[in-house]
Amino acid sequence: MPETRISLNVRKPGPAVGIIDIEGEVTAFCEPLLMDAYTEAGDGATKAIILNFAGLDYMNSSGIGLLVTLLIRAQRQGQRLLAYGLNAHYQQIFELTRLNEAIVIYEDEPASLAAASS
Amino acid sequence: METPTESPHGPLRQDTTSWAPLTQTLQVTGNSGGVPELVAGRRLVGPLQGFGKMWQKTYRIRLPAQSIEPSELIKVWKEEFPTFWPEGNRFYAPLVGISPGEVALISLQAGPMKLSTGVMVLYADHESFTLMTPQGHMFAGWITFSAFEDTEHCTVQTQVLMRAQDPLGEVGLIMGGHKAEDRFWASTLRAVGKRFGHEVEPETTIVCVDPRRRWSEARNVWHNAGIRSTLHMMTAPLRWPGKMMRRNDS
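Just so you know, the sequences run in chain order Z and D.
Residue 9 in numbering that gives the first Met the number 0 sits at position 10 of the first sequence; the count goes up by one each step and never skips.
Residue 21 in numbering that gives the first Met the number 0 sits at position 22 of the second sequence; the count goes up by one each step and never skips.
Chain D with its partners taken away, still in its complex shape:
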């Protein structure tokens, strides 16, 4: 039997290789930084599994259409993803790059705190790519990076569909976390625009998709990355003798 290549809407597009394979818990391999033990073994969580209000935040810049093809922009964005992040934050890209199913570790500056967490590449093709958060991340959700063309512009967009994972995360977002996140992605988009030779100010659109808080998810606080990162830092001296002994053995 022949595989159909046409649909009533035009050439049939394929998405089978763009999605991450089904996974229950995250495996961390081949990353050169971050704190793998705070990510390995965690379940993925989307906006339906979190605690707080659900938000859709869209950050967007428009470049002149003739300056860059959307697919070329996405290719560069994937390849140079960590370089666009604001100073003080680190994205430890997987060795094979941004590819479906790969896990990246992250170190974020949240006020005086350093948060260690990670993300999985949920989806990636030549038009867009999406990162999904694990248990413990500041929020539960998806972050989609895309570029598309209309008659005059190449629109470059970051869209976050998220809710705080637990009550502490919700308080953090209210007490400045939302603003910090808005600054983070606006700064990232400015850097992407600059990479392609344009100084552009991002537009931000924020919609509260669901104003309800889901108290059944309040226990997610057990996995909170802020608490776990702090504990990991405080207990570092206890791990030093073990590390030294392993080094001497090898």
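Only chain Z is shown next, with the shape it has when bound in the complex:
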């Protein structure tokens, strides 16, 4: 299996929200790491998971597929998935794949936190 080129950091700004900072490459090979980060971010009373894509360098179509499976997993736990930090290129890919219809994209962390708490 090719090496993964991703770093994930989990933060909990409040009991109901978890943030996953994504740095590097999102491909199919980072599935175990991303799912572990989700488990850590989504524990207990978490109602919303925010994905911070500000450090995203590269994403292929398998990476988008991985986000779909993550979204379904969150939805089945009754959690919302939100995103911020996507550059114009990746916002366009979210639109092309229609992922933006299920994962709402925000400008920055304060905006996504406000939406997560509403």
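By construction, these hints were calculated from the structure, which means they are not laboratory data.
All C-beta atoms, glycine included, are put in the ideal place defined by N, C-alpha and C.
Any given hint could turn out to be false.
Anything over 10 Å on all C-beta distances counts as not near chain D; from chain Z, calculated [claimed, not checked]:
#1 9
#2 15
#3 20
#4 31
#5 79
#6 84
Label-pair restraints from in silico Cβ distances [stated by the list, open to error]:
#7 D:173 with Z:10: 40 to 48 Å
#8 D:75 with Z:77: 43 to 51 Å
#9 D:64 with Z:31: 17 to 25 Å
#10 Z:12 with D:194: 50 to 58 Å
#11 Z:35 with D:210: 19 to 27 Å
#12 Z:35 with D:203: 21 to 29 Å
#13 Z:110 with D:210: 29 to 37 Å
Following the hints, position chain D against chain Z.
For chain D alone, kept in the frame of chain Z given last:
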């Protein structure tokens, strides 16, 4: 300002030219077969827009690592894509080949029925390529073809992330469609293995990602390719006089 070429994880890879440009509806140009009118003007639909249960199906073969480089395999797979399909099914490749944003038309044998549909190349690079379905296709989703190397093998993989587009499609999948699809991709991978000199039996892994059905999407049946293909075939005689007149005019 200089463009960075390194990240903390190594050389920075670029994906900007690997993705299809943003498109609202499909345009069909330069295809030499299929039924373009059943694809042109349709919206793309991914696994989040369909109706039925969501499935991730992975079909995989392993070739000896020294026999082929993954990038070379992907290059050949793209160039000769239609030749690997099982008999009775046609993939009308775009004239420029499998390239991001290009639309290919498809004719599939589904039992006694001939289905006419198409796909768009969503993503293509030297490691993988992905096809995305339009409205009306039997399922809504992405099909990703990839090859990668580990210590002993070159793994060749087809992965489908899909759900039936409408209730009819869901019934079709339950009544043999899933099995037919599994046979289709297993046969394709066998043909790819054979192309590189190896007779290998594919492994199949099927995971139900989402067992829920999305009834809000039931109206997708309006675009159903099975119904539209049948109607297109039945109304063919009505189009003959028009075709003949255009031929005489030219």
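Here is what the structure says about each hint:
Distance check on residue 9 of chain Z: its Cβ is at least 18 Å (rounded) from any Cβ of chain D, clearing the 10 Å threshold; non-interface status holds. With a minimum CB-CB distance of about 24 Å to chain D, residue 15 of chain Z clears the 10 Å threshold, and the non-interface call stands. Every CB of chain D lies more than 10 Å from the CB of residue 20 of chain Z, the least distance being 13 Å, so the non-interface label holds. For residue 31 of chain Z, the condition that its CB be more than 10 Å from all CB atoms of chain D holds, with the nearest at approximately 15 Å.
A cut-off of 10 Å between C-beta atoms confirms that residue 79 of chain Z is not in contact with chain D; the least separation is 14 Å. The non-interface label for residue 84 of chain Z is consistent with chain D: the shortest C-beta to C-beta separation is roughly 15 Å, beyond 10 Å. Range check, residue 173 of chain D to residue 10 of chain Z: about 43 Å between beta-carbon atoms, so the 40 to 48 Å window is met. Distance hint for residue 75 of chain D and residue 77 of chain Z: a CB-CB separation of about 46 Å, consistent with the stated range 43 to 51 Å.
The hinted window of 17 to 25 Å between residue 64 of chain D and residue 31 of chain Z holds, with their beta carbons roughly 23 Å apart. For residue 12 of chain Z and residue 194 of chain D, the hinted distance range of 50 to 58 Å is satisfied, since their beta carbons lie about 53 Å from each other. Between residue 35 of chain Z and residue 210 of chain D the Cβ separation comes to about 23 Å, which falls inside the hinted range of 19 to 27 Å. With their beta carbons about 26 Å apart, residue 35 of chain Z and residue 203 of chain D fall inside the hinted range of 21 to 29 Å.
One distance hint, 29 to 37 Å for the beta-carbon pair residue 110 of chain Z and residue 210 of chain D, holds here, with the actual separation near 33 Å.
This entry satisfies every hint, going by the numbered hints stated previously.
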